[in-house]
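Protein chains in written order, with the working numbering: chain V, 1 to 194; chain B, 1 to 194.
Calculated directly from the structure, the hints in this document are not laboratory data.
One or more of the hints may lead you astray.
Since the list can't tell identical chains apart, any single copy or any two copies may satisfy a pair.
In silico lysine to aspartate or glutamate, DMTMM-like type, Cα no more than 20 Å apart, as pairs [what the hints assert, rightly or not]: (1) K8 x D107; (2) K158 x E176; (3) K52 x D157; (4) K52 x D23; (5) K158 x D144; (6) K27 x D151; (7) K102 x E73; (8) K2 x D151.
2 protein chains.
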Amino acid sequence: MKQSLGAKPLVFPTPVWVVGSYDQQDKPNIMTIAWGGVCCSKPPCLTISLRKVTYTYGCITARKAFTVNVSTEQDVMLADYCGIASGKTADKFAATGLTPVKSTLVDAPYIQEFALAAECRLLQTVKLGLHTMFIGEILDIKADEAILGPDGLPDLDKLRPVAFGPVIRTYHGLGEYLGPAFSIGQNVEQSDDK
Amino acid sequence: MKQSLGAKPLVFPTPVWVVGSYDQQDKPNIMTIAWGGVCCSKPPCLTISLRKVTYTYGCITARKAFTVNVSTEQDVMLADYCGIASGKTADKFAATGLTPVKSTLVDAPYIQEFALAAECRLLQTVKLGLHTMFIGEILDIKADEAILGPDGLPDLDKLRPVAFGPVIRTYHGLGEYLGPAFSIGQNVEQSDDK
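Just chain V, with the same shape it has in the complex (with noise of 0.2 Å):
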């Protein structure tokens, strides 16, 4: 008999996902996210979302673009800060020492420092209630070369992308390699003979 936790957004894990943009005046800015994930594979997108009172709110409604920075084990209480603070008050590049770098595909820069980032085009906005989301076209993602495998892709042993736990606020790393994906459930169904 399980329990009933009510209506609640527990569900694990969510990204901890900082995503950049400019606003009106071009200045860019810097706002730390859970509330996001990939909805579609080709075109490749993904969906954030932001309340309405957001200073990035305001700057991605303008601009039709924003990225996505991949919060790392390195870099999470920098991420941290970018949840907290507003970019209405404050210039979270300048007080975190970070740097905007200017996207050559769409109109948002991307950290330098952090070492993986989605450019996104904005297409479609859809308003839900205290959250708003943008869905945004993946059209290129960087990465710093330190952290790819061999194969040229992220390696999640060298990225160390963080997690966070919703309604419980906490940040976890990434932990143990389970296996390979559409591989070790291969044999469940064999296994109903036995």
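Could you slot chain B onto chain V? The hints should help.
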């Protein structure tokens, strides 16, 4: 200088969620996805994205409801199987030995043996490309007492949810606790004065 990895859904981490639904003959089905995330706090909502060819796509479209069952280290092989086999040809509950439990709140089954499930009613459907996004309102969270902490909320050291690495196709457990959110970054700005 960052490397360009192209237009790919290379953002981390993504969840490993097993989506429960009924087909039009009331057969319960489960399917594993990694394209999803929370998208609103009030009302609490999440997204899941499916290809139109999947069996679950038809189920959710017909029944307007689904559950999200969070995969854990204990059941990741079963979850992987549910991402390989199709409900068109397989009875995945029978093959895995898992037990469907009819939700009293929404027209969908959750998995008895999975420790945490979100019961969702379909709010909106957004066609994007290869994938279609379903936005579900979370009406309740059902959880096993064994994974709750003293505060009555999930303890991730007990739940041990799994994360997915898109494109690189890897499963990972959660690792080290890195600290409390909205807290560990609060002194970042002051350090600017040092």
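Comparing the hints with the structure gives:
1. For a Cα distance limit of 20 Å, the shortest separation of K8 from D107 across copies, 19 Å, qualifies, whereas the shortest one inside one copy, 34 Å, does not.
2. Taking identical chains as interchangeable, the C-alpha atoms of K158 and E176 lie at most 20 Å apart whether they share a chain (13 Å) or sit on different chains (15 Å).
3. Taking identical chains as interchangeable, the C-alpha atoms of K52 and D157 are never at most 20 Å apart, the minima being 36 Å within one chain and 34 Å between chains.
4. Taking the shortest Cα distances, K52 and D23 sit within 20 Å of each other inside one copy (14 Å), while across copies they are farther apart (37 Å).
5. Taking the shortest Cα distances, K158 and D144 sit within 20 Å of each other inside one copy (11 Å), while across copies they are farther apart (34 Å).
6. Neither within a single protomer nor between protomers do K27 and D151 lie at most 20 Å apart by alpha-carbon distance, with minima of 37 Å and 42 Å respectively.
7. Taking the closest pair of Cα atoms, K102 and E73 never come within 20 Å of each other, the shortest separation being 24 Å inside a single copy and 40 Å across copies.
8. In this assembly of identical chains, the alpha carbons of K2 and D151 lie at most 20 Å apart only when taken from different copies (16 Å versus 44 Å within one copy).
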